[in-house]
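Based on these hints, arrange chain B on the given structure of chain A.
As a plain string of letters, each chain reads:
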Amino acid sequence: MLKTQELTLNMGPQHPSTHGVFRCVLKLEGEYIRECVNHTGYLHRGLEKLAEARTYSQFIPYNGRLDYVSGMLNELSYVQTVEKLMGITEEIPERAQYLRIILGELQRLASHAIYVGTFALDMAGFTPFMYAFRDRDRMLDLIEAASGQRLMPNYMRIGGVAADLDEEWFKELEILMNDMPACIDEYDGILTGNEIMRARTIGVAPVSAEMALSYGFTGPNLRASGFDYDLRRDEPYGIYDRFKFDVPVRKDGDTYDRYCIRVAEMRESVKIIKQAMKDIPEGPIMAKVPKVIKPPVGEAFHRIENSKGHLGFHIVSDGSTKPYRTRIYSPCFVNLGFLPTTAKGLHLMDLVVALASIDIVLGEVDR
Amino acid sequence: MDKIVNREALVGELNKKFGDCAEIFEDNTNQSIKVKPEKIVEVMQEIRENPDYDFKVLMNLSSVDYPENFTVVYHLNSLTYYHKLTVKVELDKAKPQVPSITSLWIAANVQEREVYDLMGIEFTGHPNLKRILLSDDFDGHPLRKDFKN
Numbered sequence: 001m002l003k004t005q006e007l008t009l010n011m012g013p014q015h016p017s018t019h020g021v022f023r024c025v026l027k028l029e030g031e032y033i034r035e036c037v038n039h040t041g042y043l044h045r046g047l048e049k050l051a052e053a054r055t056y057s058q059f060i061p062y063n064g065r066l067d068y069v070s071g072m073l074n075e076l077s078y079v080q081t082v083e084k085l086m087g088i089t090e091e092i093p094e095r096a097q098y099l100r101i102i103l104g105e106l107q108r109l110a111s112h113a114i115y116v117g118t119f120a121l122d123m124a125g126f127t128p129f130m131y132a133f134r135d136r137d138r139m140l141d142l143i144e145a146a147s148g149q150r151l152m153p154n155y156m157r158i159g160g161v162a163a164d165l166d167e168e169w170f171k172e173l174e175i176l177m178n179d180m181p182a183c184i185d186e187y188d189g190i191l192t193g194n195e196i197m198r199a200r201t202i203g204v205a206p207v208s209a210e211m212a213l214s215y216g217f218t219g220p221n222l223r224a225s226g227f228d229y230d231l232r233r234d235e236p237y238g239i240y241d242r243f244k245f246d247v248p249v250r251k252d253g254d255t256y257d258r259y260c261i262r263v264a265e266m267r268e269s270v271k272i273i274k275q276a277m278k279d280i281p282e283g284p285i286m287a288k289v290p291k292v293i294k295p296p297v298g299e300a301f302h303r304i305e306n307s308k309g310h311l312g313f314h315i316v317s318d319g320s321t322k323p324y325r326t327r328i329y330s331p332c333f334v335n336l337g338f339l340p341t342t343a344k345g346l347h348l349m350d351l352v353v354a355l356a357s358i359d360i361v362l363g364e365v366d367r
Numbered sequence: 001m002d003k004i005v006n007r008e009a010l011v012g013e014l015n016k017k018f019g020d021c022a023e024i025f026e027d028n029t030n031q032s033i034k035v036k037p038e039k040i041v042e043v044m045q046e047i048r049e050n051p052d053y054d055f056k057v058l059m060n061l062s063s064v065d066y067p068e069n070f071t072v073v074y075h076l077n078s079l080t081y082y083h084k085l086t087v088k089v090e091l092d093k094a095k096p097q098v099p100s101i102t103s104l105w106i107a108a109n110v111q112e113r114e115v116y117d118l119m120g121i122e123f124t125g126h127p128n129l130k131r132i133l134l135s136d137d138f139d140g141h142p143l144r145k146d147f148k149n
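Protein chains in written order, with our numbering: chain A, 1 to 367; chain B, 1 to 149.
Source of the hints: derived by calculation from the structure; they are not laboratory data. Computed from a predicted model, the values in this text were never measured in an experiment. Note that the Cβ used here is the ideal one computed from N, Cα and C, for glycine as well. One or more of the hints may lead you astray.
Unchecked claim - Over the 12 Å line for every Cβ pair with chain A, so calculated as not near, a few chain B residues:
1) R7
2) E23
3) N50
4) T86
5) E90
6) E122
Said to hold, decoys possible - To spell it out: a stretch of chain A is covered by chain B in this simulated footprint if at least three of its residues, at any positions, have a beta carbon under 8 Å from a beta carbon of chain B; those stretches are:
7) 304 to 315
8) 330 to 338
Looking at chain A on its own, in the form it has when it is part of the complex:
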């Protein structure tokens, strides 16, 4: 008789499939996982503590270091929380609102393009990665043209945005947006219908609707499990209530559904950008905000639909120039809590796919 020995395997922190410096310790029986323990904190920089020693405006660039593939959206969440705290949500100029939406959705497209590419890469499919990164680079070029940086834009400001964008930029954007539907069709063609991909993902690591709520899933992961809930439509922030778009929802909550939601969301983002490009008015891009920002004593909690889920900020002000406490609610950090329970009984290679499907970025997990 052969004896099967339990094997303890340390996956990470330097492992290409953990999407950063995430480590999990696996107890394996053959190739099946008996136990999985998460270890995080390798990228912990203490952003919440750093915020207490910075003024409100000084903390904006740090948001790019949270989820470093969706910097614009992180900044949007932060500046909107400070605006809510100051009570100037209504005073943001129209043009700035539109620019925020356009660049936010562009960032969402770029983030989802990474998702599609790396998701295929984790299943050893290298070609889709090239397709996705080809398109992502065009989005990053536009973000760079707007803000000066590809990944850490530092573009949003308390009261508006940093720079206005000219005709040339919008022309480039229009070309990209006209190309995008065909590019997304290509992802669909090479991945969604692919037999290997379907065999590897359908029915793998399903999360029921009830469990999704308990795990604290938000955003695309929650919608994959059957909840028709999108902050942009149901509790609109900024001017999202002016745009028409669909909210893709799936039922099964397995790895395949979580992937399909992302691809469908990319199409919706293109729709939103096209509408915003058409309606954007001329005008100022900054509200009249005092040079020294001193929100009144109090607190505010605000969250937005980030590409990974709901990114929330809870800021407590004591009336001084620096926040008394800044709490960053990170969707990746909370979503990752699903792994220890889901991994039990999973095949080792399926764990990699399940982990890729919830879309974690370690900069945001560890903060």
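Only chain B this time, still in chain A's reference frame:
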């Protein structure tokens, strides 16, 4: 703006059911209630299961180090009414302890560990209350105001 729940009715109902346990907490958001630490699990379970309130989503779990106490803050949301509630628990500075709500939301597991790690608040009944972001041999809790590097 956020939809706000009728706090008077909610607090009245909670106090009737669990004895004197909740009160309205006045702040700039107008959506906070204060709950006694020892009753937090019962209260959270009630407002989660009660169809009139239906706070199924734990939006955020954080903590603040005020000069007079530690406050654990729970932000809740309902997927049927979209209304919001902030539940606050004030804890003693010398011995901050509050029951864990991991039995209600798995999402609370990692967030409570984080609060324990960075703020040093003990969640009784937590299945695995260990540091999550800092190393195990780290000394002190950095988000406390009296923390010295």
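Quiz item: What hints, given by number in increasing order, does this structure fail?
Solution: Result: hint 4 breaks, nothing else.
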